[in-house]
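As they're listed, the protein sequences go chains D and R.
The C-terminal residue of the first sequence carries number 113 in our numbering, and the numbering is unbroken.
The C-terminal residue of the second sequence carries number 425 in our numbering, and the numbering is unbroken.
Everything labelled a hint here was simulated from the structure, so no lab data went into it.
Hints may be right or wrong, so weigh each one.
In silico BS3-like links for lysine-lysine, alpha-carbon gap of 27 Å or less [claimed, not checked]:
| hint | chain 1 | residue 1 | chain 2 | residue 2 |
| --- | --- | --- | --- | --- |
| 1 | D | Lys-58 | R | Lys-85 |
| 2 | R | Lys-84 | R | Lys-133 |
| 3 | R | Lys-89 | D | Lys-104 |
| 4 | D | Lys-30 | D | Lys-6 |
| 5 | D | Lys-7 | R | Lys-50 |
| 6 | R | Lys-326 | D | Lys-7 |
| 7 | D | Lys-30 | R | Lys-5 |
Just so it is clear, the structure is predicted and the values come from calculations on it, not from any experiment.
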Amino acid sequence: MRHEIKKIAKMVDELTTFFMEHHPKSLNIKINDLPDREVITVEAEALDYIEECINDLKQFLSYPREREMEEYYWELAGETDSSEELGLVGTMIDEATIGYDEEKVVIELIRNK
Amino acid sequence: MKTVKITRRKKVSSRVMYRVLYILPLAMLLYAFLTTNLSELSQGFQIILKSNDVLLTDYLAIAGVGPTLVNAALVLLINLWLIKKLDLKPNGIIIAALFLLAGFSFMGKNIFNIWPFYFGGFIYSRYHQIPYKNVVLINMFSTAFSPISSLIAGAMSDHLMLVIVMNAVVGGFIGFIMPTISAHILTLHSGYNLYNMGTAAGLVGMLVYSILDVSKVNIEANSLLLQENNPAVIIFFVLYSITLIILGWRINERSFKGYRDVMKHTGRLVTDVIKQDGFGLSIMNMGILGLLSIAFVLVVGGVMNGPTIAAVLAVMGFGSFGKHPKNTWPIVLGVCLGWVMFGIDKPISTLVMSALFGTTLAPVAGEFGALWGIVAGMLHMAFVVNIGAMHGGLMLYNNGLSGGIVAAVLIPLIDAFKKEKKNET
Chain D
1 MRHEIKKIAK
11 MVDELTTFFM
21 EHHPKSLNIK
31 INDLPDREVI
41 TVEAEALDYI
51 EECINDLKQF
61 LSYPREREME
71 EYYWELAGET
81 DSSEELGLVG
91 TMIDEATIGY
101 DEEKVVIELI
111 RNK
Chain R
1 MKTVKITRRK
11 KVSSRVMYRV
21 LYILPLAMLL
31 YAFLTTNLSE
41 LSQGFQIILK
51 SNDVLLTDYL
61 AIAGVGPTLV
71 NAALVLLINL
81 WLIKKLDLKP
91 NGIIIAALFL
101 LAGFSFMGKN
111 IFNIWPFYFG
121 GFIYSRYHQI
131 PYKNVVLINM
141 FSTAFSPISS
151 LIAGAMSDHL
161 MLVIVMNAVV
171 GGFIGFIMPT
181 ISAHILTLHS
191 GYNLYNMGTA
201 AGLVGMLVYS
211 ILDVSKVNIE
221 ANSLLLQENN
231 PAVIIFFVLY
241 SITLIILGWR
251 INERSFKGYR
261 DVMKHTGRLV
271 TDVIKQDGFG
281 LSIMNMGILG
291 LLSIAFVLVV
301 GGVMNGPTIA
311 AVLAVMGFGS
321 FGKHPKNTWP
331 IVLGVCLGWV
341 MFGIDKPIST
351 LVMSALFGTT
361 LAPVAGEFGA
371 LWGIVAGMLH
381 MAFVVNIGAM
391 HGGLMLYNNG
401 LSGGIVAAVL
411 IPLIDAFKKE
421 KKNET
């Protein structure tokens with residue numbers, strides 16, 4: 001895959017922007033580089049408007065992976081502070097899981113190689 | 001902690017989407033064969049084949065309605081077949097690309113001159129060992145350079161093999177470089193210009209034109225446009241728009257529910273209406289935009305000629321990828337105000353094209369409000385009438401180039417006036 005490192009970095013940029021807009025007390029992002037996939041895990045604590053955050057995540061991360069979109073638009077990820085760009089992350093991953101309670105949100109994104 | 005695995009499925013099957021997409025080309029073929037005999041079709045195709053396709057080439061004026069519709073239908077059908085063959089599921093940008101292809105098949109793209117760019121994209125995919133389906137979308141947009149392919153064919157018309165080889169080399173080279181250039185240009189306007197390929201192709205077109213110009217190669221611009229409305233053509237596109245609204249209403253559980261949500265989107269790249277609001281609301285939005293665009297053409301006294309139909313279809317296509325009435329009207333108003341304020345002395349078709357294609361800047365109005373949208377429209381009006389000379393009409397997306405440069409300047413300008421909200425916590 002071309003520019004794979006930069007694409008992962010852009011996805012992390014977009015996720016960081018998205019979560020920082022909800023003013024978390026702490027934000028941890030972990031990237032696991034496995035032989036067949038990349039796994040990005042984000043853990044955010046004490047967010048503002050947590051319900052809105054969960055709804056946005058459910059909406060934008062439900063997009064199916066679309067490699068033609070990725071090829072054309074990947075450089076836009078993380079460009080501005082608009083939450084609609086999170087949909088671009090959705091089109092660049094194969095699986096998404098969201099875990100949440102009143103205090104914490106954890107998402108795990110899997111991108112097959 | 002509650003854990004949810006996100007479902008990643010489409011609500012409407014691809015089969016339904018393809019059936020809806022086939023309506024336009026099949027209706028075009030039906031109309032053409034009912035109204036035009038084979039001899040007229042053949043003559044019209046000869047004219048389309050021999051045209052140099054440099055801006056502005058109006059196939060309706062030079063070849064007639066029947067041959068133009070058959071050309072547009074064939075371009076659309078072949079591309080539909082291609083994306084289906086590559087197992088791509090229609091989404092917002094694919095539908096936008098298809099409508100852009102159909103529209104520009106009224107003014108410069110034809111079944112003879114679009115292929116070199118797909119060939120270049122195919123070589124690109126082999127070179128980087130990626131599936132061709134990854135780049136076919138960019139190839140569909142790269143056909144903006146179709147006039148170059150026609151110019152090569154015109155210059156070497158006596159040597160068919162030479163035409164094929166030269167087009168494979170020149171067009172193939174352009175098709176090869178556009179995936180990376182178009183992706184990179186996105187950062188210039190940060191996604192506030194929907195016709196991104198227009199900006200990318202425009203900059204490349206300027207370079208190509210400059211090289212040809214200093215090499216003393218003269219390129220003749222075209223300006224023959226259809227001057228009178230053909231009521232049947234207007235009715236055709238009105239009926240098609242209404243069909244989309246009715247089908248959208250049916251797919252959306254026989255309701256308009258959710259259409260207000262469509263108009264809440266800023267429209268900035270990447271806003272896929274199909275994914276966010278569903279296929280039904282998306283085609284409903286396309287139909288509504290189609291009717292509004294046609295109404296605008298008629299109200300300002302314009303003519304539904306080739307370039308105007310291209311503009312109407314472009315607005316409709318991007319109805320599935322960011323445009324809606326709420327973020328487009330400020331741009332249209334801004335272009336009209338600019339037209340009056342600057343006293344632009346051009347044919348009314350220039351106003352119509354600038355206003356409709358100018359909605360490439362719809363995300364500016366969607367994100368920053370109607371006032372900035374009007375400003376964007378005015379700037380676009382002033383800029384677009386001057387920028388064509390810089391690429392000599394070698395690429396077809398003149399408004400996309402203007403929109404990209406306007407957005408690149410205007411977005412930081414707006415940001416300079418924007419005060420950051422202080423975090424009270």
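Results for each hint:
Distance check on the hinted pair: Lys-58 of chain D and Lys-85 of chain R sit about 31 Å apart at the alpha-carbon level, beyond 27 Å; violated. A hinted pair counts as satisfied when its Cα atoms are at most 27 Å apart, and Lys-84 of chain R with Lys-133 of chain R qualifies at roughly 10 Å. The hinted pair formed by Lys-89 of chain R and Lys-104 of chain D fails the criterion: a straight-line CA distance of about 35 Å is larger than 27 Å. Between Lys-30 of chain D and Lys-6 of chain D the alpha-carbon distance is near 16 Å, which keeps this suggested pair within the 27 Å criterion.
For the proposed pair Lys-7 of chain D and Lys-50 of chain R, the alpha carbon gap of about 44 Å is over 27 Å, so the pair is violated. Taken as a hint, the Lys-326 of chain R and Lys-7 of chain D pair is broken in the structure, with Cα atoms around 33 Å apart against an allowance of 27 Å. Restraint check: the Cα-Cα separation between Lys-30 of chain D and Lys-5 of chain R comes to about 19 Å, which is no more than 27 Å; the hinted pair holds.
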